[in-house]
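Q: So the chains spell out like this:
There are 2 protein chains.
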Amino acid sequence: MQELGRHFILELFGCSVKALDDLEGIRKAMLKGAVEAGATVVGEVFHRFSPQGVTGVVIIAESHFSVHTWPEYGYAAVDLFTCSSTTDPDKAFKRIDAFLKPKSSTAIELKRGMFAEGKQ
Amino acid sequence: MQELGRHFILELFGCSVKALDDLEGIRKAMLKGAVEAGATVVGEVFHRFSPQGVTGVVIIAESHFSVHTWPEYGYAAVDLFTCSSTTDPDKAFKRIDAFLKPKSSTAIELKRGMFAEGKQ
Numbered sequence: 156m157q158e159l160g161r162h163f164i165l166e167l168f169g170c171s172v173k174a175l176d177d178l179e180g181i182r183k184a185m186l187k188g189a190v191e192a193g194a195t196v197v198g199e200v201f202h203r204f205s206p207q208g209v210t211g212v213v214i215i216a217e218s219h220f221s222v223h224t225w226p227e228y229g230y231a232a233v234d235l236f237t238c239s240s241t242t243d244p245d246k247a248f249k250r251i252d253a254f255l256k257p258k259s260s261t262a263i264e265l266k267r268g269m270f271a272e273g274k275q
Numbered sequence: 156m157q158e159l160g161r162h163f164i165l166e167l168f169g170c171s172v173k174a175l176d177d178l179e180g181i182r183k184a185m186l187k188g189a190v191e192a193g194a195t196v197v198g199e200v201f202h203r204f205s206p207q208g209v210t211g212v213v214i215i216a217e218s219h220f221s222v223h224t225w226p227e228y229g230y231a232a233v234d235l236f237t238c239s240s241t242t243d244p245d246k247a248f249k250r251i252d253a254f255l256k257p258k259s260s261t262a263i264e265l266k267r268g269m270f271a272e273g274k275q
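Those sequence lines, one after another, are chains A and B. Numbers in my numbering are just positions in the first sequence, counted from 1, shifted up by 155. Numbers in my numbering are just positions in the second sequence, counted from 1, shifted up by 155.
Since the hints were made in silico from the structure, they are not lab data. Values in this document were obtained by computation on a predicted structure and should not be read as measured data. One or more hints might be untrue.
When chains are identical, the list treats them as one kind, so a pair holds in a single copy or across two.
[To be verified] Using 25 Å as the maximum straight-line C-alpha spacing, the simulated SDA-like pairs for lysine to any residue come out as follows: (1) 173 with 262; (2) 183 with 158; (3) 249 with 273; (4) 183 with 266; (5) 246 with 174; (6) 266 with 196; (7) 173 with 243; (8) 256 with 226; (9) 249 with 191; (10) 173 with 193; (11) 258 with 269; (12) 187 with 157; (13) 183 with 157; (14) 258 with 159; (15) 258 with 198; (16) 256 with 240; (17) 258 with 157.
Build the full structure now, drawing on both the sequences and the hints.
A: Written as structure tokens, this is what we have:
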């Protein structure tokens with residue numbers, strides 16, 4: 156079986172509360188991470204909520220990277236969805252991890268768009 | 156256990172090839188779907204690829220809705236991520252489904268940000 160995209164679903168717990176509420180810091184980490192992963196950025200939207208929390212999506216030619224933060228729980232939900240075998244989402248994760256500093260994290264990899272071999 | 160967000164991961168197969176390559180149609184379906192789901196739109200990015208394919212993300216106050224299409228495979232990857240119990244992602248799915256007309260689809264619901272009761 157072959158997939159069209161790889162989707163990494165990351166749960167980050169015990170993050171730096173200050174970092175989770177820092178829109179500009181998160182934006183820079185996401186954009187830098189996308190470039191380091193070898194992705195091509197085609198758009199971005201970042202938004203800070205009141206009283207706290209940041210949401211951001213970087214649209215890449217290879218799909219998207221997103222982040223949603225809950226400073227009150229020390230938690231961030233990160234998705235790294237890429238459809239190119241030359242993109243290395245691990246590098247984006249390292250950059251985001253270095254900024255948010257989670258005490259623990261979990262990752263699931265989902266294969267998106269699965270077709271039987273030869274049907275792609 | 157309680158979750159901070161609900162994340163629906165949808166795989167749409169056998170879609171209308173024409174619809175999968177129609178940026179404006181997909182954009183309208185995603186935005187209309189977000190409003191019908193009771194979400195508050197705070198930003199959007201849509202992009203059409205050459206020679207084909209559309210990527211789009213609607214940032215909502217309650218997280219994000221995204222779509223990536225592969226017209227050459229009749230396939231779309233749709234994510235509906237919401238952190239509000241008053242948002243009804245089913246309504247967004249209905250709108251997107253009505254536009255892309257998949258012959259078959261699968262859905263997974265992931266609970267994001269799980270904490271033991273009382274720790275939220």
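Q: Against this structure, judge whether each hint is valid.
A: Here is what the structure says about each hint:
1. 173 with 262: within (23 Å within a copy, 35 Å between copies)
2. 183 with 158: Answer is neither: 30 Å inside a copy and 28 Å across each miss the 25 Å cutoff.
3. 249 with 273: For residue 249 and residue 273, the Cα distance exceeds 25 Å both inside one copy (34 Å) and across copies (31 Å).
4. 183 with 266: neither (27 Å within a copy, 27 Å between copies)
5. 246 with 174: within (19 Å within a copy, 34 Å between copies)
6. 266 with 196: within (22 Å within a copy, 28 Å between copies)
7. 173 with 243: Intra 28 Å, inter 31 Å, cutoff 25 Å: neither.
8. 256 with 226: Classified as within: same-chain Cα gap 13 Å, cross-chain 39 Å, threshold 25 Å.
9. 249 with 191: So residue 249 and residue 191 pass the 25 Å test inside one copy only (10 Å; across, 37 Å).
10. 173 with 193: neither (28 Å within a copy, 30 Å between copies)
11. 258 with 269: Between. Shortest inter-copy distance 15 Å satisfies the 25 Å Cα cut-off; intra-copy 33 Å does not.
12. 187 with 157: neither (29 Å within a copy, 33 Å between copies)
13. 183 with 157: neither (33 Å within a copy, 31 Å between copies)
14. 258 with 159: Only across copies: residue 258 and residue 159 sit 18 Å apart there, 32 Å inside one copy, limit 25 Å.
15. 258 with 198: neither (30 Å within a copy, 31 Å between copies)
16. 256 with 240: neither (27 Å within a copy, 29 Å between copies)
17. 258 with 157: between (34 Å within a copy, 20 Å between copies)
In this structure, the hints that do not hold are numbers 2, 3, 4, 7, 10, 12, 13, 15 and 16, in rising order.
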